[in-house]
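Engineer: Here is what each chain is made of, one letter per residue.
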Amino acid sequence: MSDLSSKSRGLLDAARSARPTSAARERMSVALAARIGVVAIGAPPQPLPGAPAPLPASAPPIVAPPILPAPLASVAGVMSTAKAAVIGAVLGVAGVGAASAWPDTPQLPPPAILVAAAPSSSGARAVERAAPSSPVVDTASPTSVVEAAPPPLLEAPRAVEASLPAREQAPSRRAAAPASPSRAGETASPSTDSRAPALKQAPSAPLGAISIGEEIASLSEAQRSLKQGDGARAIAVLDELAARHPSGVLREERLAARVFALCAANRVEEAREAGQRFLAELPASVQAERVRASCAFSPGNPR
Amino acid sequence: MAVITPDLLDFPALRSAGPAEPTSVTSAPPGATFQAIYAEHLDLVWRSLRGLGVREASVEDAVQDVFLVIHRRFGSFEARSSFRTWVFGIVLRVARNHRRTEQRKGGCAALDAVPELVDSGPGPHEEAVTAEALRELALVLDQLDEAKREVFVLAELEQMSAPEIAEALGINVNTVYSRLRAARIAFEAAVAPRNGVRR
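Those protein sequences? They're chains A and B, same order as listed.
If you read the first sequence in the working numbering, its first letter stands for residue 1, the second for the next number, and so on.
If you read the second sequence in the working numbering, its first letter stands for residue 1001, the second for the next number, and so on.
One thing to keep in mind: the hints can contain errors.
Stated by the list, open to error - Here are the computed lysine to any residue pairs in the SDA-like style, where the Cα-Cα straight-line distance is at most 20 Å:
| id | chain 1 | residue 1 | chain 2 | residue 2 |
| --- | --- | --- | --- | --- |
| 1 | B | LYS1148 | B | ALA1190 |
| 2 | A | LYS7 | B | ALA1133 |
| 3 | A | LYS7 | B | LEU1180 |
| 4 | B | LYS1148 | A | ASP3 |
| 5 | B | LYS1148 | A | LEU4 |
| 6 | A | LYS7 | B | ALA1190 |
By construction, these hints were calculated from the structure, which means they are not laboratory data.
Small disclaimer: the values here were computed from a predicted structure and weren't measured.
Only chain A is shown next, with the shape it has when bound in the complex:
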């Protein structure tokens, strides 16, 4: 069946057996964990026996959960508890069944491999990438928010789900997308991409290379503002992020956040417009349900 020469076959077979070295594996595992912001990832969020009961709708703002249980302190020592906690909280590492250490890094490299970014304001460049071949990884800047004692790790998602309207409460609904072929909604580019899972990606921006750290930092700043009820500040942060990274990796999250921020600032009409634009473009977004649950689609303004 193959039209290829035996030499070509041989080359392909040999190349197919190539694997990253264990040193490379370790570098990638550690760097990826830093970028995702989690050290421990367990089972996805599931209702556990004995989980805290859902909070009433008037629950106070959600406390960002730290994500490093004590056994992982040695890992945290490499990344710095503060940074990991903030990043992890922002990224909502609350999905836990059994939290377990990253399997490929039973022994973490010495701290020299992870270079801590100097503490700075959220506007500063949060993640710098050294020369591509370097294993140095900068984690996001720590902020003044340092979570000390870890509350139950499930608290945040349970609280989130409890505070949403009843139709949102089943965890499986959270990821449920509209029945419509939603891949088209996942990308801003035309139909050639619609059959394949698409990336939100501007043609000129290398994916993740520079912006992701800043995007996370800005989104976490916006989230903090929202939790303090400061919608105006959140909007300002998000607009600044939009100017800097209009087509960033986390554009979806930024657009959803803007809807929430407009709601928080009681700019309901603008929130409605933004929410409708969001759902028109990104109906399959994982943020779609939350956007629908926001003030943008309050009763009387059905979607």
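Could you slot chain B onto chain A? The hints should help.
Structural biologist: Frame of chain A, contents of chain B only:
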């Protein structure tokens, strides 16, 4: 009134990935953890990125980019394709991005030989051989245009089926076949000089 402030970036609940794919095709069963997905797909992501033209010096970043997207997008995986096909869709786009960045920077393939510290694992010779083969393969593939290269890598390096390739690329199966035929011809033409005098 309490403002609902959903966590903007939390990992969405994993949805059911549907019935498991038979044998060699990897799937993401319900409850699959990200770390299991990472462990299972790391090698093929790394290797296919290299095949698709990501420079050795950039591939570790590109691998992370792929898994970052997998991590974020997992909630929208709809099981209309196999999980591996979905992963390859992401790999393709990350590779394209890196290639375009390289082109803008005027990257030179000759600089690809990044010295890797000698790994003290078993079979160092075999590892060196396969690593060199992958470098060689990437250099040959550099001479194919993007469309041919992608089909060729998915078919001949990653050994995906034509329907899977069609799904990953967003083209129809007939196009896969015709493009693969052309890609094989182009590949043979590109590899032939290298089998003789080394440049």
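Engineer: All the hints need checking, so say for each whether the structure fits it.
Structural biologist: Results of checking the hints against the structure:
The straight-line distance between the Cα atoms of LYS1148(B) and ALA1190(B) is roughly 12 Å, inside the 20 Å bound, and the hint therefore holds. Annotation: proposed proximity of LYS7(A) to ALA1133(B) holds, straight-line Cα distance about 11 Å (limit 20 Å). The suggested pairing of LYS7(A) with LEU1180(B) holds, with an alpha-carbon distance near 18 Å, which does not exceed 20 Å. Among the hinted pairs, LYS1148(B) with ASP3(A) is consistent with the structure: their alpha-carbon atoms are about 15 Å apart, no more than 20 Å.
In summary, the hint linking LYS1148(B) to LEU4(A) is supported, as the alpha carbons are separated by about 15 Å, within the 20 Å threshold. Of the pairs offered as hints, the one joining LYS7(A) and ALA1190(B) holds, with about 12 Å between alpha carbons and a cut-off of 20 Å not exceeded.
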